[in-house]
Amino acid sequence: MAFGKGHHLHLIDGSAYIFRAYHALPPLTRKSDGLPVGAVAGFCNMISRYVDGNGSSKDAPTHVAVIFDYSSKTFRNEIFPEYKANRPPPPEDLRPQFPLTREATRAFNLPAIEVQDYEADDIIATLAREAREAGGRCTIISSDKDLMQLVGDGVEMFDPMKNRQMGLAEVEEKFGVRPDRVVDVQALAGDSVDNVPGAPGIGLKTAALLIQEYGDLDSLLARAAEIKQPKRRQTLIDFADQIRVSRDLVRLKDDTPLPITLDDLEVRDPEPEALMEFLTRMEFRTLTKRIAERLKVEAPAISADMAASDDHAPPPDAEAAAPFDHTAYVTIRDEAVLADWLAAALEQGFVAVDTETTSLDEMRADLVGVSLGLAPGKAAYVPLGHVTGGGDLFGAAVRAEGQMDVDRALALLKPVLEDPSVLKIGQNMKYDMKILARAGIRVAPIEDTMLQSYAMHAGLHGHGMDLLSEQYLGHIPIPIKTLLGSGKSAITFDKVDVTEATRYAAEDADITLRLWQKFRPQLHLAHVTTVYETLERPLVPVLAEMEMAGIKVDRDVLSRMSNAFAQKLVQLEEEIHHIAGKKFNVGSPKQIGEVLFDRMGVPGGEKGKTGAYATGADVLEDVTTLEDSHPQGALLAARVLDWRQIAKLKSTYTDTLQEAINPETGRVHTSYSIAGANTGRLASTDPNLQNIPVRTEEGRRIRQAFVAPEGKVLLSLDYSQIELRILAHIADIPALKQAFREGLDIHAMTASEMFGVPIEGMDPSIRRQAKAINFGVIYGISGFGLARNLRIPRAEAQGFIDRYFERFPGIREYMDQTIAFAKEHGHVRTLFGRRIHTPEINARGPGAGFARRAAINAPIQGTAADIIRRAMVRMPDAIAGLPATMLLQVHDELLFEVEAGAVDETIAQVKAVMEGAAHPAVHLDVPLVVDAGRGANWSEAH
DNA sequence: GACATCACG
DNA sequence: GACGTACGTGATGTCC
Numbered sequence: 001m002a003f004g005k006g007h008h009l010h011l012i013d014g015s016a017y018i019f020r021a022y023h024a025l026p027p028l029t030r031k032s033d034g035l036p037v038g039a040v041a042g043f044c045n046m047i048s049r050y051v052d053g054n055g056s057s058k059d060a061p062t063h064v065a066v067i068f069d070y071s072s073k074t075f076r077n078e079i080f081p082e083y084k085a086n087r088p089p090p091p092e093d094l095r096p097q098f099p100l101t102r103e104a105t106r107a108f109n110l111p112a113i114e115v116q117d118y119e120a121d122d123i124i125a126t127l128a129r130e131a132r133e134a135g136g137r138c139t140i141i142s143s144d145k146d147l148m149q150l151v152g153d154g155v156e157m158f159d160p161m162k163n164r165q166m167g168l169a170e171v172e173e174k175f176g177v178r179p180d181r182v183v184d185v186q187a188l189a190g191d192s193v194d195n196v197p198g199a200p201g202i203g204l205k206t207a208a209l210l211i212q213e214y215g216d217l218d219s220l221l222a223r224a225a226e227i228k229q230p231k232r233r234q235t236l237i238d239f240a241d242q243i244r245v246s247r248d249l250v251r252l253k254d255d256t257p258l259p260i261t262l263d264d265l266e267v268r269d270p271e272p273e274a275l276m277e278f279l280t281r282m283e284f285r286t287l288t289k290r291i292a293e294r295l296k297v298e299a300p301a302i303s304a305d306m307a308a309s310d311d312h313a314p315p316p317d318a319e320a321a322a323p324f325d326h327t328a329y330v331t332i333r334d335e336a337v338l339a340d341w342l343a344a345a346l347e348q349g350f351v352a353v354d355t356e357t358t359s360l361d362e363m364r365a366d367l368v369g370v371s372l373g374l375a376p377g378k379a380a381y382v383p384l385g386h387v388t389g390g391g392d393l394f395g396a397a398v399r400a401e402g403q404m405d406v407d408r409a410l411a412l413l414k415p416v417l418e419d420p421s422v423l424k425i426g427q428n429m430k431y432d433m434k435i436l437a438r439a440g441i442r443v444a445p446i447e448d449t450m451l452q453s454y455a456m457h458a459g460l461h462g463h464g465m466d467l468l469s470e471q472y473l474g475h476i477p478i479p480i481k482t483l484l485g486s487g488k489s490a491i492t493f494d495k496v497d498v499t500e501a502t503r504y505a506a507e508d509a510d511i512t513l514r515l516w517q518k519f520r521p522q523l524h525l526a527h528v529t530t531v532y533e534t535l536e537r538p539l540v541p542v543l544a545e546m547e548m549a550g551i552k553v554d555r556d557v558l559s560r561m562s563n564a565f566a567q568k569l570v571q572l573e574e575e576i577h578h579i580a581g582k583k584f585n586v587g588s589p590k591q592i593g594e595v596l597f598d599r600m601g602v603p604g605g606e607k608g609k610t611g612a613y614a615t616g617a618d619v620l621e622d623v624t625t626l627e628d629s630h631p632q633g634a635l636l637a638a639r640v641l642d643w644r645q646i647a648k649l650k651s652t653y654t655d656t657l658q659e660a661i662n663p664e665t666g667r668v669h670t671s672y673s674i675a676g677a678n679t680g681r682l683a684s685t686d687p688n689l690q691n692i693p694v695r696t697e698e699g700r701r702i703r704q705a706f707v708a709p710e711g712k713v714l715l716s717l718d719y720s721q722i723e724l725r726i727l728a729h730i731a732d733i734p735a736l737k738q739a740f741r742e743g744l745d746i747h748a749m750t751a752s753e754m755f756g757v758p759i760e761g762m763d764p765s766i767r768r769q770a771k772a773i774n775f776g777v778i779y780g781i782s783g784f785g786l787a788r789n790l791r792i793p794r795a796e797a798q799g800f801i802d803r804y805f806e807r808f809p810g811i812r813e814y815m816d817q818t819i820a821f822a823k824e825h826g827h828v829r830t831l832f833g834r835r836i837h838t839p840e841i842n843a844r845g846p847g848a849g850f851a852r853r854a855a856i857n858a859p860i861q862g863t864a865a866d867i868i869r870r871a872m873v874r875m876p877d878a879i880a881g882l883p884a885t886m887l888l889q890v891h892d893e894l895l896f897e898v899e900a901g902a903v904d905e906t907i908a909q910v911k912a913v914m915e916g917a918a919h920p921a922v923h924l925d926v927p928l929v930v931d932a933g934r935g936a937n938w939s940e941a942h
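Taking this note's numbering, I'd label the letters of the first sequence as residues 1 to 942.
Keep in mind the hints are simulated off the structure, nothing from the lab. Only a predicted model underlies this, so the values are computations on that prediction, with no experimental measurement involved. Ideal Cβ placement from N, Cα and C applies to all residues, glycine included. There's no promise every hint is true.
Below, simulated DSSO-like cross-link-like pairs (lysine-lysine); rule was C-alpha separation at most 27 Å, straight line [said to hold, decoys possible]:
1) K162 x K84
2) K582 x K568
3) K145 x K84
4) K253 x K205
5) K771 x K911
6) K648 x K607
7) K84 x K911
8) K378 x K205
9) K582 x K607
10) K253 x K174
11) K145 x K174
12) K583 x K568
13) K162 x K205
14) K205 x K228
15) K583 x K607
16) K205 x K145
17) K174 x K231
18) K650 x K582
19) K590 x K650
20) K568 x K481
21) K495 x K414
22) K162 x K174
23) K253 x K145
24) K650 x K568
25) K771 x K737
26) K231 x K205
27) K590 x K648
28) K162 x K58
29) K205 x K174
30) K582 x K648
31) K481 x K378
Label-pair restraints from in silico Cβ distances [claimed, not checked]:
32) E905 x P764: 31 to 41 Å
33) A222 x P920: 30 to 40 Å
34) N54 x G676: 26 to 36 Å
Work out the full structure: start from the sequences and follow the hints.
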């Protein structure tokens, strides 16, 4: 029967329960692995008492739901970015418990509802309205005064803290007005906890008086001029807009899009088995026993040494988990079996997912199969695109037997992979998300074991699955080579026998699930939960979108350049052979060295450790200065440098980029490694679009091939001097910070401070030297390095450095402290808490020098990387309404494609996000400044 | 697959 | 006193 008259809906404010439970109980951890579970225990206790209470109540609900906040970010942040901005982030040991409280809710057979971009209060408002309109009753179980606006017409509140019913009378007592005017009073009074501004100087009492007198907020604002008290009158006139925004913030949205209807919320009997499973998994001894008695079932045994305890002993290293048994993996060949596995995933709220394809290039790969992992040792493979070995008479691929229809399988997978209540766990999920997105499935929400490892172990080792499995599970996975072979004879995954494929693919899902279970409780022990949750995990869908968008590249521009380069190379080659007096391979550094230093007798050749002459650009540049003593050598060196520049541009850029254009999209799709660079930077591969030439005129022309489609414009926004600003902040250098605040030329300022020359009319070479020193500091400067960079005597370079340290003593201090910290802890941290390990810091020999400089550089480079990561995570929401797409990231630059009409608005939005990216997690003493450029191509925009 | 070289921030 | 030195990446070509 549909929800209506005589029905009674209970809406439980789940988020409030969690925080109350957290603060009411001492820190409690699961004995077996140290997972914090205190809030979960308290939450279960509250829910259990609630359920018991209903059993003995005459007014028991017919329908019930537990409502949660999806995240702290909602549509209200669009209206007013500062909304709830002064709320501290949830404690580290609470964060991992959020998903567990959803699991707990489901274990009690109660629906857990959360909706992205909306607060729990909005969902409550929506369901309360629906219940009211259907003619039923609704009780909101919460102490939150913000919900009082909903009271009336069959909607009541019950305050579980005070254990009392809240009706019209209680609302009027609290706000002085009827529920429908509560938002007006709140809009005027504001709320310092939620950072709702309201009207300055007006509190609850005055607000209530004003609304009583004028009827409602709009009338009050319209007639503000009539108010007698001059100060109050002026405030209402001056802050009218702010008051209206405040009302938008406090007014609950009762048309939130919901994944369920009222009828889905009918009260269900508990399922003892599922509940017992959850409680024992949490290792709650007393609670399990108590609830088992209540349900009249046998309580599963939890041994004393397994029970949750509040000691903080680290989780044991030994693996008690199921062994890896490849024969236990299941091949799913029909819909019913797949449906069973998916139902189990839905039930438990998480599933490991892995896709198998024909290529590592996600934009060209075809889906071959999907594997699922539910529990250690319990994994399955769904073959979808396997073909038989030989092919038919004409060599065409023949679909292997025993595979279910691809479209049917995808249709079954889609609702679960997109279900907000089911976590999809993957290793490098960006890959699988892109593959599945091309099959029409938008996977969410996700977890990524690669990124969990990166957050905890950056700098210690890589984060590939094989490595993680061996290191943390003590298990060496089946090498992919044994299935595909290697080299020229390698086959693609669709040619692999299904039985073999099942072992490999299901194992991957199994490993991923086990790694997740192992890593999840460890994140907070390493104090990187916030890093993982705010800088790694949310970046995955953002990067996936960017990579799938790609950037348009004009093939003709590149092709013409390639042809011109080819001609030029032939010409240079002939000239070089002529000067040398013999033909040789100009591309071989070894042969260049022999020609130059042995055959032609140029002095100063130095052999490296491999016995070959060094012929790098710096060496050849020195040779070109020998015009007087060795004109032929100087000429040859100059021509080789020219040749190398053109050869580089042609082979790496103008030729290769043409091949990288995707024939289907006509665009180039790079791939970003999120866990590649130890410092938190991204790395771009296949092709690398983070090193497109810009420094020379010739090279810059390649950027003209990166274009916006007809009617659109490319936008480039980049942080100005971000690393130096971070250095000024971290090392706390007053002169540098002041200079950045005043928008001065920082290198000129440095030169002026160091050499005592005025900034006006400064010799450009002085400024250049200061600039080199500024950068040197970021890299962990040495006299030798600076001397080589500036080509000045070492003693002079050392003198510069000494003077720099003298003038800015905070730099020395920062360096010493950073190295000391690294030596003590084995890692350094960025301002956002990212850990970068420095395992070599206590080594002896030259390695220690490298490690020291890397340790000095890492917090600076890493903080800059964190800042742009935050900007990127926030960007999709910030530009959601605009015809703009984020395409590329180049460390301190973001590139967008936008319709010509929306350029200014997009720049304003993007700039605001980038310049404010550190807030509110980190407060910098220096402003972040972003420069913007636009154009038909990347060269113009930059 | 190691090495040298060179493109970027 | 000697040692080897700017930080972080990826792609290409040579050579073994």
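Q | Enumerated hints in conflict with the structure, sorted upward | A | 8, 20, 34
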